[in-house]
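Throw the hints in and build the complete structure from the sequences for me.
4 protein chains.
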Amino acid sequence: MSKGTVVLAYSGGLDTSCILVWLKEEGYDVITYLANIGQEEDFDAAKKKAESLGAKKVFIEDLRAEFVEEFIWPSVQANAIYEDRYLLGTSVARPCIARRQVQIARQQGAQFVSHGATGKGNDQVRFELTCYAMYPEVKVSCEGTEKNHAPVNLYLMTKNPEDTCESPDVLEIHFTKGVPVKVINVKDGQSKDTPLGIFSYLNEIGGRHGVGRIDIVENRFIGMKSRGIYETPGGTILYHAHLDIETFTMDREVRRIKQGLGIKFSEMVYNGFWYSPECDFVRHCIDKSQENVEGKVQLSVFKGQVYILGRESPRSLYNEELVSMDVQGDYDPCDASGFIKINAVRLREHHRLQGEASSNR
Amino acid sequence: MSKGTVVLAYSGGLDTSCILVWLKEEGYDVITYLANIGQEEDFDAAKKKAESLGAKKVFIEDLRAEFVEEFIWPSVQANAIYEDRYLLGTSVARPCIARRQVQIARQQGAQFVSHGATGKGNDQVRFELTCYAMYPEVKVSCEGTEKNHAPVNLYLMTKNPEDTCESPDVLEIHFTKGVPVKVINVKDGQSKDTPLGIFSYLNEIGGRHGVGRIDIVENRFIGMKSRGIYETPGGTILYHAHLDIETFTMDREVRRIKQGLGIKFSEMVYNGFWYSPECDFVRHCIDKSQENVEGKVQLSVFKGQVYILGRESPRSLYNEELVSMDVQGDYDPCDASGFIKINAVRLREHHRLQGEASSNR
Amino acid sequence: MSKGTVVLAYSGGLDTSCILVWLKEEGYDVITYLANIGQEEDFDAAKKKAESLGAKKVFIEDLRAEFVEEFIWPSVQANAIYEDRYLLGTSVARPCIARRQVQIARQQGAQFVSHGATGKGNDQVRFELTCYAMYPEVKVSCEGTEKNHAPVNLYLMTKNPEDTCESPDVLEIHFTKGVPVKVINVKDGQSKDTPLGIFSYLNEIGGRHGVGRIDIVENRFIGMKSRGIYETPGGTILYHAHLDIETFTMDREVRRIKQGLGIKFSEMVYNGFWYSPECDFVRHCIDKSQENVEGKVQLSVFKGQVYILGRESPRSLYNEELVSMDVQGDYDPCDASGFIKINAVRLREHHRLQGEASSNR
Amino acid sequence: MSKGTVVLAYSGGLDTSCILVWLKEEGYDVITYLANIGQEEDFDAAKKKAESLGAKKVFIEDLRAEFVEEFIWPSVQANAIYEDRYLLGTSVARPCIARRQVQIARQQGAQFVSHGATGKGNDQVRFELTCYAMYPEVKVSCEGTEKNHAPVNLYLMTKNPEDTCESPDVLEIHFTKGVPVKVINVKDGQSKDTPLGIFSYLNEIGGRHGVGRIDIVENRFIGMKSRGIYETPGGTILYHAHLDIETFTMDREVRRIKQGLGIKFSEMVYNGFWYSPECDFVRHCIDKSQENVEGKVQLSVFKGQVYILGRESPRSLYNEELVSMDVQGDYDPCDASGFIKINAVRLREHHRLQGEASSNR
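Residue numbers (the UniProt record's numbering), protein chains in the order written: chain A, 1 to 361; chain B, 1 to 361; chain C, 1 to 361; chain D, 1 to 361.
These are computed hints drawn from the structure, not numbers from a lab.
As the list makes no split between identical chains, a pair holds if one copy fits it or if it spans any two.
Only pairs whose alpha carbons sit at most 27 Å apart, straight line, appear in this in silico DSSO-like list of lysine-lysine:
#1 K182 / K288
#2 K159 / K187
#3 K288 / K177
#4 K182 / K159
#5 K288 / K264
#6 K177 / K264
#7 K48 / K3
#8 K182 / K192
#9 K24 / K56
#10 K159 / K192
Structure (structure tokens):
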């Protein structure tokens, strides 16, 4: 008799295949699940392998569109970046993948979920926290010992910037409420306007120009520092473009508060708390901040770098006339003097106190 | 009879020359002052012009070394960056320049200081706040109406990345207590080990490869958005190198707090509050955080981009053995499960509440 | 011929009467405006006096209900408290009062507004920022020099705690979405359920027991420290009650973020930025955080103090069974050990580094 | 043969006595350790009981002075308060107690430490994190299952405010660098000037007037909400006094940053991270902020409440002349208008944008 049903996040590789076999030997029914979030993978081969190893059912799920819309786009809105450098690619994928796994488990009546991520990595935390948050009664079945031996070619999407082509691509990215709604290649007129289309295209262009490679040491949630080598071509282009249109259209002080929320969001997501009350709350607040983030950014992509060329917006707060040195308008230079003197009241008092203190001592 | 003595920040240009003449006509004695912080300038010509226009004394002050050590280095320690993009070049120069002006004023018995910065810019605020903070009784004499018409060639230090050389430079930068103490060019063995030598060399290398150009819209302290075009070649290299060695050697949670302090520091400096109790306090705290930030970073500079190649430190917190998937050491995977389950307690309770709420409504 | 029309915030006192007369002499038509936000005042006398001094029109506006609902309630939700002590009474009244003044000015076609607050106080800033924010073209006519000489009896609403009655009042306050919807006096069964009714009643009860008196030194926006003596009887009761029900029903991490937003909110409001994009944004976020803040709090009020006696909520996150030491439930003590050990990984690494550092030096 | 030596935190009560016996039965040598941090306890009886149960050695350690100086005083400097209400009494005691236990373990060559705190509470976390941080190789021996059944009389130090005496005590507390150095009872002239003397006396006075009782629901580090009933009579008096003298002597913006650090400090300490790099760092920064926090505060203690009566300081930043409405001094009201107008630039632009947006839509 079966001990119950396990939904196993299955990659087709050696480690999760071993888990599959072991689970069956232990007396479980195993359903395998493989998510397509845009990675290069032979999904058919994985399916066949799972079946040949005795999987009761095999799910191959195309999550590409929802991954971009529901996970990447909020991260773009947040200018999400962990420890000032890492654009969170994998961290964002994990809750998307685990969410579907839990849905399958519930729908198939499985009490168990399993995965191949090891106990020293962040992905185990992200996976399991998502499962517990969305399916509190679930049991996490034996975890794997997947050894992510560094592949020979670490970078799959991006070319080495030294080998990229000698002329830039120039793109125009349109934003509405802080998310990209269209990208146009100015040179050849190509254009994309679905979330998945936009993101895939930016990955392609960014990859061609070697954009978004980093080699960093980062702080894992479990308290270790580890080395990470990442490539985020499309994400890097979007980061720069969004930052630019946001500063152009958002009030300074709103942005300051939103910047703090974005840092918190990045930590939550990195640590695996996408599905948590605080992350829900922060996503809501960030989304609210994006109401006026609308317009288009022109940029060039070249030799690993993204250069902002200009921006336009119907909701710009940049007022060329106001800022011009030639137009006085209703700006009175006297006001600036008053502004400065009042700001100096506190500084002068401090100086006075320091003077008294040093002369009394 | 003289109305008193004014120390005028004099550039040799048209605007401050007009101010000089006007101040004399109004009955003031004028002392001109021109700071050398590394800019391209014909200091001799400026001196002669000031004298010919009737300056009573002319000060040309070489502040380059103190500018790097006392103003740039603390900004490097802070990873100072305003609104996620601007590395604060000019903002940091202003308190350095105004400090000496005030010292001259005190020493020469001048009651007034004057400058050519306009009422719509940040530089007026930075200049005047520094003066009031360091010399509370000073009077700021008539301000200028300097019109910074955009020059034909906006970028003076950096080449266009499209026109830069086809092979990278590889540098090794050594840090002690979070400040650079040596830079070595791996290709040709060149090496610098004074603050001014290091900073000038990085500006040269960065400039040659087109590093550090930005074209942004930023939020001024006086409440307007304005466009800024900046180049910070050396600063950009140092920003990336420091960020890397800092993450390598600093505890995660210390860094998180320090990151928040660095953002505050950047805002203070941008707004002109270098000489303020809060900026003193934050500089002290940031300096404290840098005690273990020691080691060397290898990086390449190429086509406008800085790539970190690696890092080494005697005070590294990166423990390759601990993080390795092959070595279990005294890390027990069971602990990770417990860690995750306890972190999930709150998430599960939240889910339970939501479930009850929705079923009761 | 008239120079235009001024809407003057008129108190009936000496200072604003002088302004009224002076404005007329200068050739302006003057409309006086007096807001009733619940203060003790002879409104009829003020009306007659304004008319006798030549006011063209006299507005006496009852803003009590909107003051409580639109200004006090959001402050309760925020747990608004400036510099850890001041509950912001006056700061919150000012935008309410100035908003109506601006509405009158627009409706009456007046280009000017005027008030009696002096240049050294916060109220001038709060008043004028509200006016500029809501009516950008308005001109602020001559400001006053009102000298708020401390009255003989500083406390108008609260009794001296030494003289209050010897038995406590026990109240039950019901909250929905973080705002009070009902108060019941447990002793006599009295009950109020309109915003104005609730707030007035809490002021009465709090006043009777001497609750909410403070004598502080505070930091004004204009950079001075000043002494403030305040009484906030109802506000103090609500502060404690709201804090209690909020902690009971809000997730820990959401609350942590919300606490930071509340501190920012308090500073904005204190400084006069109620009508600003950042304050709109923060109010929205805080309001969002209050969705589950529902339930009732029982408290006693006695001799200047508020004691929380208990709380109940249909949306409580407090789970007595989970927290009980006698019920193990599905809480495994082993998990706690793992949780602690993983949290200690970072601390141990730090200790190791320190040990190495000290032995190498 | 012994399995090794355990240092057991022993209270003399049933739970830790059971652990002692069980450890011996399992083959360990047991050293008991009981810390005196000022609690009511029969230390002699505990010693005898431990010996009679077979403890190899018994340590009774008087930590009262170091507890006040090294743990309470930094918390006073921080204005430490968890979730706006809890003054952290026990949380601060735990690292003090565990530190000595670890010292004994090292000195006695014990590889194990043990305690009676359960897996659901914060104290286990605080205890074990301290041990791991200070003695990374230590093994935490079997934890207890201590059931803190609520005692009949929950409050041991404080009287019920309804039953306290009818006349206030008036105290004068002197601070240097943010820590109390003397307390004087104005009525009877009693005075204390050692840390332990001051703290004990404030506990006595506060207790007599029923100060510092709270009944709250709080968020534990392990993710549960739990109910806590606490009394902190001396701590409450010091909290109010320190807050007052700090605001009086500290620059506004320094205080704002320090306030944020204090909140972080409170969370760290509550969660058990007293001995962590981040808590070291934050304590250092807070200590730095206290350099000018000097002077004396007069306050009365009455019926559960602390009322600040006044304060004096040689390093006050409160300038009565500057703030006076009657003295203009060198404060120009025009400056205030300029200050306000510049602050309004941003608000007006926002209004303009909103207007355009709504008319275009």
